[in-house]
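This is what each chain is made of:
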Amino acid sequence: MVDLTTRYLGLQLCSPVVVSASPLSDSIETLQRLEQAGAGAVVLRSLFEEQIVHEALDVHELLEQWTDSYVEAQSFFPSLPEYNTHPAAYLEHIERARRDLQIPVIASLNGVTAGGWTRYARLIQDAGASAIELNIYFVAANADETAASVEDRYASIVTAVREQVSIPVAVKLGPFFSALPALIRRLAACGADGVVLFNRFMQPDIDLETLSVVPSVHLSTPAELTLPLRWLAILRGLDVPVSLAASTGVHSAADVLKALLAGADVAMMASALLLHGPDHLRVVVDGVEAWLRERDYLSVRQLVGSLSQASCPDPAAFERAHYMKALVSYSGLNGWSTG
Amino acid sequence: MVRQVLFQDTTAEETQDVTHEFVTVDGNEAAAHVAHKTSEVIAIYPISPSSAMAELCDGWSAEGKTNIFGTVPRVVQMQSEGGAAGAAHGALIAGALTTTFTSSQGLLLMLPNMFKIAGELTPAVFHVAARAVATHALSIFGDHSDVMAVRTAGWAMLCAASVQEAQDFALISTAATLRARIPFLHFFDGYRTSHEVNKIVRVTDEQITGMIDPGLVQEHRDRGLSPDHPVLRGSAQNPDVFFQAREACSPFYARVPDIVQAEMDRFASLTGRRYRIFEYMGAPDATRVVVMMGSGAGAAQEAVEGLNARGERVGLLQVRLFRPFAVRAFVDALPRSVRALAVLDRTKEPGAPGEPLYQDVVAALAEAVGDGHLTGMPRTIGGRYGLASKEFTPAMAAAVFAELDAAKPRNHFTVGIVDDVSHSSLTVDPSFTTETPETVRALFYGLGSDGTVGANKNSVKIIGEETPLHAQGYFVYDSKKSGAVTISHLRFGPNPIRSTYLVERATFVACHQFNLLERLDVLEFAEPGAVFLLNSPYAPGETWERLPVELQEAIIERGIRLFVIDADRVAREAGLGNRVNTVLQPCFFALANVMPHDEAIEAIKTAIRKTYGRRGELVLERNFAAVDAALAALQEVAVPPVSAGSRHRLPPVPPEAPDFVQRVTAMMLAGKGDLLPVSALPVDGTFPTGTSRWEKRGIAAEIPIWDPSLCIECAKCALVCPHAAIRMKVYDPALLGPAPDGFLHREWTGRDLPGSAMTIQVAPDDCTGCGICVDVCPARSKSVLKHKSINMEAREPHLDRERSSFAWFQQIPDVDRTTVQIGTIKGSQMVEPLFEFSGACAGCGETPYLKLLSQLFGDRSLIANATGCSSIYGGNLPTTPWTTNRDGRGPAWANSLFEDNAEFGLGMRLALDQHALLARHLLSGLAQAAGEDLATEILDADQSSEAGIEQQRVRVAQLKEHLHRLATPHARELLGVADVLVKKSVWVVGGDGWAYDIGFGGLDHVLASGRDINILVLDTEVYSNTGGQASKATPRAAVAKFAAAGKHVAKKDLGMIASAYGNVYVANIAMGADNAQTVKAFVEAEAHPGPSLILAYSHCIAHGIDMRAAMSHQRDAVASGYWPLYRYRPRTSASGEHPFQLDSKKPTLRFKDFAMSEARFGMLDLANPAEAERLMQLAADDIAERWRLYEQIVSVERTAPVIMDDEDHTRTALAKEEGGDG
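Heads up: the protein sequence lines correspond to chains A and B, in order.
Here the first sequence is numbered in my numbering, starting from 1 and rising by one per residue.
Here the second sequence is numbered in my numbering, starting from 1 and rising by one per residue.
Next comes chain B alone, as it looks inside the complex (with noise of 0.2 angstroms):
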């Protein structure tokens, strides 16, 4: 770290140089840190972008750092933000320093507490990135609806604009709340600030302390809750005093600004740091102003410097404090010669008279003119920007200036997109730039898997603390979690670097991977005569002929000398695999000529011994051996006048995909969703299944090759491929005549379908390569035992053959699933998927079952899906993998939030069954009408095999028919519901997270209902979509995030759990371990007609195993005794059932053999062994103690009745058995 004189404070009472300490972090450990510093009790719980508060906070009090007062924090993890929210409220209330972190959806769920806490008068400060709340779709990224929602609240809100505020407004909110009394809500943009790598000046113990006054904290002990003092708080009170009550609290209030005003100026004292509640910057003579808070000022400051510098007279009012919104400082902070306002929100508030700093504004102003602070009212207009982390430019900034120089500057306009429906939107210059050319603009191209941010931010870090620079870094990942695209944004310069917004001139590109250049325009950004770095492959000359002609072009044009290297080969060389990050590095530093050349270098490798220096010795070696290796690599094209050559981009999607497909999905997967007008979107977020299979990302180096020689039709490799890559299916061998040569095929043996054809055929631009289907074949050749039926072979060679054969597979026409028995291995794989090509990470282990979901039920679904990992592959845009069948059916989709899951999906299940009651209502009304015989058949039908059901499709189809002739009212009625005569399947999928912690509730209470519906918990045993922190079904000793010492307490038994119900079917299953179980339980649950629960163990990158293994170590579980199979079956005949069953062998692995083949386990023995080896053998102690217990349950007798507990439904199970109507 460097220290260096940089503020020089002369508006501090007596001038004084203070040195301060560089680091450089992003906004989330900024704001931690401080958090850190000043609580004594932190309640936790993960939701993007804000859990690396969460997470650091828990790594620091594990590691023993300390507070301010010499203790070390407890973080407690709760269940869901409510009840982190709740145990704040509660360790407040007994008078210790509490903070929590949050975003979006958590922040809502906090709202009934924060209400309390503001009610109470407690100091208290909670960080909150601030990010979209769901409406039409989810999004994680920055807005401040979240913050917005709970403006209600009663709680200060201090916006932070910078990753340097977020620290300093951190304790600027600690500080004020103490003196105030009145909660803080910190908020700071999610993901710009949130995430953004910034050279910012550390906030040092002593200043700190110097922050908060003891005095403050004393008394806020003091009003904690004690017997020795007792009190009563939270009473309920009546009519006669409530609301005098209420108003009691008004002084409080009026106080803040003056509060947070003042801790503000003792802050600068102590760091020469200066803020002000409302902060003016521009012509001090300006007459046209824009008003807003948040991350995007910083474009906006930009945006008014070129403006005055080009002679205009434009101004931006920064708001720090948005509540309690001080009027008369407000005011005060204009400047007199202010004509025209223009007052900008990242939020939207559909039918309100406009967006809340708007309203505020507006009555501000309204208010100083009524009292006679202001003598006129200027014109003032509000418009929206930035909404879920859509860039805002100084160009858009520019823009809402121009508007409001206009004759009559539109109202509630909005800026960074086009609007062609309300026609809201302003026309922004794309010429307009305020970079400067002192300031370094570099962009990087890699794969998440290479290393390229993480190096990134490094070299952030690295110009940050060992240069006088001033850096920045800024980091977009694409919406996939295998082969995902990631574009590094950095910046750096003399100047301290506030561009909040992505880089738009680069005067250097680097593009990772090769293999980009097909898909992706790398040089769109570049500007003339900038550097191109390019990972090759190829020699010199060679590279230059593969690069797409359009690249060519785009290279001689604008001047840009290209420099490739062979990063790959040097990585290998040095035994670093595919992490090509510390081989660019270098690279990049010399070409970008940031520092001199032996410095960088020994920057670079003082930055690898900090990031990789725990890991030993040998890392280090290999990655110093990189970074020395680099240079001689790295060679200049010498760039030919003209471009030659064939090679073209290719097009996002393939011509023969459907309209939107290509009007809107394309342009998304180019990268180009920026430019959609509002028009090509669905206005309620519905969309189109069925999209993943235009989307070929071709990201497999290896794919698996079929050798039908060696084939035993086990179906395996179709059941277990997470991407729904590889396909079986059987077919008349007559199709074959036509056929592409080298499409592979064989007789099939099966005794079903006689005189079939077989195929196994890989889709080779949708595998993953993740090799999971190669692990679990288990047929081998005799002479060399290594060649399988199914090997991992080089894609490139085979991509031709591979590529004609799957599209001819494609065509071939399913088998009837009416003929084939689905509840099978091969019946299942030999229908068709509804799941396919999902973005999961390459081997997931959950998507696999709902694959298999979909070929059994897929037709017929309506699911409901928790937030995770599952509602992320299954519906983040571009595309989704949940498709349809020949006939148009197929799963229907739709995520709610991630607590409300089960009763979601309970919700879909009354519908379902409202309407069902409500068809044949009307169906026996209309019986006459529509036929005697086939209403009579459609009533009485028997649904519980594939055959039944069809023939149910054929009667409901003769029915709708008979219905389109009819015409009378209810008739139509009829024909409106008639569809759900059919029988419908509900499933209710999450995670762990969901079903163990912050849905617990919800789905007990589902199980309770007895309603027919279908729980699939897809148990990776953590919180897999935020990065693995630990829930309720973590098991002992496995080490996880808020787990970081290893889980001290064993997992939840959820089974066990349900069972007790008696009438609920529960399944422990891993496919790995028992494939023809996982599908009975499938089966067996979705024909059980009340609720059921499956609890399927879903192996995780987040457990640290060889995922080509996966399956293996599914196996292992079971062996162990880790995840005994079993099945409980409830039953409703008379006596003497039992209804738990086994299904698994008594233990024959021990656990740690098993466990220590998986990092989540074995990283505890590597940091701490004898800590490792107590819970271990507690961990083993929970298995013996379990198998003994369900050992146990096995002959206990129970019949639970299966009764529906809705009066007007007519089935039950017993009246089922009897000869219901199933």
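One chain only, chain A, in its complex shape (with noise of 0.2 angstroms):
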């Protein structure tokens, strides 16, 4: 019997794999299927405070607007008893998915202001969640605002939040950082507990009929694991103190024993499992498990950062000699002449 549990945010967890943000969070029975298939936990679909902002302004705007500005019509709707702005309907959750399933439950929040982040943190941690994910992704579009306000801009995230929440806070990154060590060990300095690489979100793509700006949602593949795999190899060998999760391309218990190697505490998916539905974790978990009694492994921990760009025979393949290798190879497979 092969040993599967891991630690994750100070968390004991059943297993390695981990359910990350995704729509199939929003049913507590979706996710009692991926308890029962061996999730090690689940991160809820996030709660946007952006989202909640809008919906309470639209609808204070919309109830002001005309209110009071004629004499045979003082108001245009009725008077509800609720209108849900509140994110009551998300905590209700937490606490329903805390009630009925065994492994950690692990709340996601998007916050786009400071107010939002600690308050929404300090409910969501009353709601009962075992730890809370902060995504935080920010598109520096401003000419003055410099790569060094950005980090000082998750550092303060990160510390706003710790101050509020005594539980677990793992900090959800996009890759686009000139020195991402260093922001992690910043941000752990600042009370986050682990990291998750790397966040994908809603890109803008153009519509060539309606010549507008469209929203576009693309589901991972494989292909895109290698980014984080690089990062949680150096980060581990770097010996900075979080606990760290691979997110995007994970796909099969070959991604999962990879993102492990590199350094992973845990393997995150989504996008595999939205495309084969909940049961397909039990396939990766078996895999894994296959793979480590095939080999031999006697739990998932000898495996975590076992080829970290500390442990592994070759550290520069993490580095810039690897690029060069690999086009090297890319291009003679097709057998292009690089003439």
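Just so you know, the hints here were simulated from the structure itself, not pulled from any lab data.
Remember, predicted model here, so these are calculated numbers, not experimental data.
We treat Cβ as the ideally placed atom computed from N, Cα and C, and that holds for glycine.
Among the hints, a few may not be true.
Claimed, not checked - Example chain B residues on the side facing chain A (calculated, C-beta under 10 angstroms, incomplete):
1. GLU63
2. VAL217
3. PRO537
4. ARG780
To be verified - Computed list of chain B residues with no C-beta within reach of chain A, every gap over 12 angstroms:
5. ALA62
6. GLU504
7. GLU545
8. LEU939
9. ILE1105
10. HIS1138
Bring the two chains, given one by one in their own frames, into a single complex with the hints.
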């Protein structure tokens, strides 16, 4: 029997495969299926502060806009008992998930203001979440905003949230930092218990019919795993005091194993589950266990980080040299001549 | 809420301290509270100003609030007030405690049932916010003409004069009706009491229970129809017994006054508030007494106190129980010293020897003298006051007392107006005032959209409920739906406030919108030394320079202290947009010194939490931030000793406006309509059209600016503009010579009218800035996609150029209607709209259809307009958007009622048809004298095209010339009706409340009449004008008032009902989805020789949408199948026709995706997601089912003959096809 347990954010997980934030977490029934299929933990779909703010202000604006402006009609809508602009439904979902599941339930929060981050983090904690995943994705579109000030912003968010909550806090980051290890070390100092590499967000696309900018969301592919792999390996080697989660491109048992080898404490998956259904998770976990068993590993812990930059026989492979090699081999594969 | 011991009831048998709970509410809420507590069944229908009572009860029942019997009252919305009365009658006769609420026309519709309910001795209370009945004009405002019109029905009538009384009398009348078995009309003055916010003592549930005798309730239930003890009610009686049976009820009426007084006494013992059925107040030895009822008594009482304080001996006898009129009690209530009486009536009964209360008083006095109870008849005069909420002030009451002192007091006088025709009016001394220094009087000028009224309502509540002070708020609105000015009148002070009139001497004035200073004299009512708070976007020094000189002078002369704040900036920074209310409210509290600063801020925040709490922390945080930032931004302006500058207040209308507009309209626009004498006004309610063009409101911050280089001449912008503020003209480029600098134009590339120039022009002072034109503009810049051919830009920098351009544009000749294809989008927009610059909501979804109608047929249309939004923006003075062309022709418009509009329009058709018959008959007889050829051409004219109509106009003009010369009796007669020989178009216009609900019976009858009549239903799917109540047009799953939990049943398919007749043209249209189908439907409907029904999807603010994108919503409504486009075109040929044509494609958008973009659907999802999901699915099923049905109907063959039912009428569609007269 291989020991599949792992520790993530100080939590003891029964399996290194974690369900990342996605619509799959909207139904308690699906969450239970995922648990039965061997998930180590689940991350609920993000609570978006921006959306809450928008809805609250839209409702307010709408109810106020035409109020008291005409003698025969001092309002245009009935007064409803509740407008649910508060994230009550989300918080109730956390409570139910915690009640109905054995595995840890991690809530995800996507904030836009200092007040929002802290207020909702506190509410999430009060609702009973096992941990919080802060999903920070800031597009620095202002030419006056420097890389340093962007990093300051991340640090201050983590500090503010840490001051408000006592449960573990993970930070889900994008890959677009010039000095990722230093940033993560700083976030750890601010109180982050772990980092999730990396987040994938809605990207703008262009509709050629309507000549308009439209949102687009694509599922990840296994090819995308290589980006987190590199950084996991580097970070594990640097001994940064945080839990590491691999996200993006984890589709199969092989992908999970690679992530763990590189240094992830857990591997998170969503796209593959959306594609193949919640029971696919059982295939993945069984695959991991079989691979470990075949190779006489006793536990996942043995595996984690065993091929990190610090542990691997060829550390440079995670750095620039690797890039050159790949390019050469790629050209060769296609039979191109570099002439 | 503060609990205070206010009353010590020393008159009750045992002296007791009563602890009171104060609430600050309006009269409607005060009455509705009791009505809901004491009713089991409530039948409702919206009508101003009583709608709020129905809405509150509906809301309370929806929330599960119970009555004193422990059940939730069952609230049912009916299709009309007649229906509500019928349902109430049925519930009553089955033994339920039942009520309803209404006003004005609604009460009149209840009259037949009211006779029955009284005749059957049924305990019931109807609560009425008394309102003027429409006569020469509609008025929504308060007087007693409605309740007086039903005084013969046999109901007891109890009149409340204040907000407190509206609550207390609701209860007393309920207690009394159970004991008396006579139904009660409990009424109070519309708006003045129904909408005045005042601090009152709330009646507790224990007190209500204490007043309602369970034994009497059981007796009522026992009388209810039951098969277990069956009886017969409502028999038909013959001459042998009816009379005697009618007299059998008399003892019940005789007992009512004593019962009411006894219930009032019981109420006093429970609450400490003592009332009498006739309440005398004033000098015990008064020689002159005024008798009146209703809210005016508050002002009269102040006058009595003021006059007596000056040593006079006067009194007021307030009538509370008007019917049954208790003669003995009335006489006993009068002081024996009285020598002269003036009876004031708030109604006019033309032709009567006096108004109703006067008649009753005179009869009572005569009877008392006759039976020796009174030794002599005091001199008694009667007068009218306060019609349609005309102000009634202490000064006016004082004028009445002065008149009673005259040697020969004038009888049948009026007070409050200047009657220079019948010379009935009393002279009022404007310096007479009863305002006391301890009462703070505040006036606030704001816009409907800025939250001023809402904040002031909150302020009144704060002062009323958080301090020992008394407080009163009353709110005045102008008649526009967009950019409406609101004036809030607030009073507060240590004593109860019964000043039932507007603030005339303000100690505090606030102007929340800087640009109002240009148009209004906001300091007109400011006392010397008053404080003036101005929301200004400028620094203090610059603010002063920008004030109109007249305002500067007023400030200097009256020593007014001026404070400024840039509230818009503070609100913006707090993330509140243009809602300046929470910024200005703390400034008011600070400057008016109502309560300690910290307490005030706390109280404001508490009130904000109460008002907005359900909308989330974020909303509260932002409002709190605005409150906190307010005072720091408030600055006092050092007022210079002399005025300076060149800015002056603008005249209300330009000098070139016609005489009537200068004399009459301008006064109303300036807010001085009260000063117009009787002689200035038309005797029969007939007003000129074409007046909105003189009212330059300039309310838009941004206006559309045209870029001719990108324009593709599609005319969509002009088509959709709800305010006719974007126009298109195609004209001879030679005219461009003297065009002003900056006048924009381009070459017209259309194949018709080659070589022409064209211009799209905005009317910069008439545009409301709704942005719909920009949303629909399809022409974009290739290099910057957001730049269209028309773009919203700040108005100010473009104003001068656009003003001179629009002026010049207007004098460019309009295109000759006969040369363009008027039935196309472009063609229709080349011709002049005869509906322009209405005060409809910015972005209104109804008005584009009316404008199109006016373009297509306006020069020959009669319009019957149902009461509702369209009659308000169409016909609410001061101005009307209906206008004329250069020849003086244009739509002739009339509003009759809400319920009768189809019949009203049918009457117009009948008159035209009859006159056409007469004209044709006369012309046949005069053919020889007038010219055979001309006569034949006229009689056989083909008027199916614009050219044909124009030719007929020329012929009729020739005919009239001949007739002038002939001068025989027949020629003169024909001359009088000859114009009818030119084809006329009758349009019946109204909203869905009319067509689907209250007017459906008439509409159905008119559809069945076979007559050539065109019906346009502006379907907003709710009662828009009264604030968004559900109608039978409201779709399933939408939230509306009276359907707060989401409408459970599907929308009525009126189009299919109409098409079932077979010979009715029906079109379901949505301009935003298919412009061309819309234009086509109008043209086809008008051409159809029988009845035509157009159902026009009209987006509305009550849908909760971004109005800028409203036309896109229409497109999505169609794309989702929610509003399928179709036309049912009756055919008259022999066989094989498929009259039904689906014009829209099979749904491509999920209903939910459309619905969730509108708050009317989305709000339910926020409030109750599970129910929203269920109803949404049902609504989607509705759509699918209807689509399937329509697809099947497409292939149905049908040929219903279109034949007039009138034998005299020569024309049938069949005849027309065979070469009839068209």
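To see whether the hints hold, each was checked on the structure:
no.: 1; hint: GLU63; verdict: holds (6 angstroms)
no.: 2; hint: VAL217; verdict: violated (30 angstroms)
no.: 3; hint: PRO537; verdict: violated (21 angstroms)
no.: 4; hint: ARG780; verdict: holds (7 angstroms)
no.: 5; hint: ALA62; verdict: violated (8 angstroms)
no.: 6; hint: GLU504; verdict: holds (21 angstroms)
no.: 7; hint: GLU545; verdict: holds (31 angstroms)
no.: 8; hint: LEU939; verdict: holds (48 angstroms)
no.: 9; hint: ILE1105; verdict: violated (9 angstroms)
no.: 10; hint: HIS1138; verdict: holds (34 angstroms)
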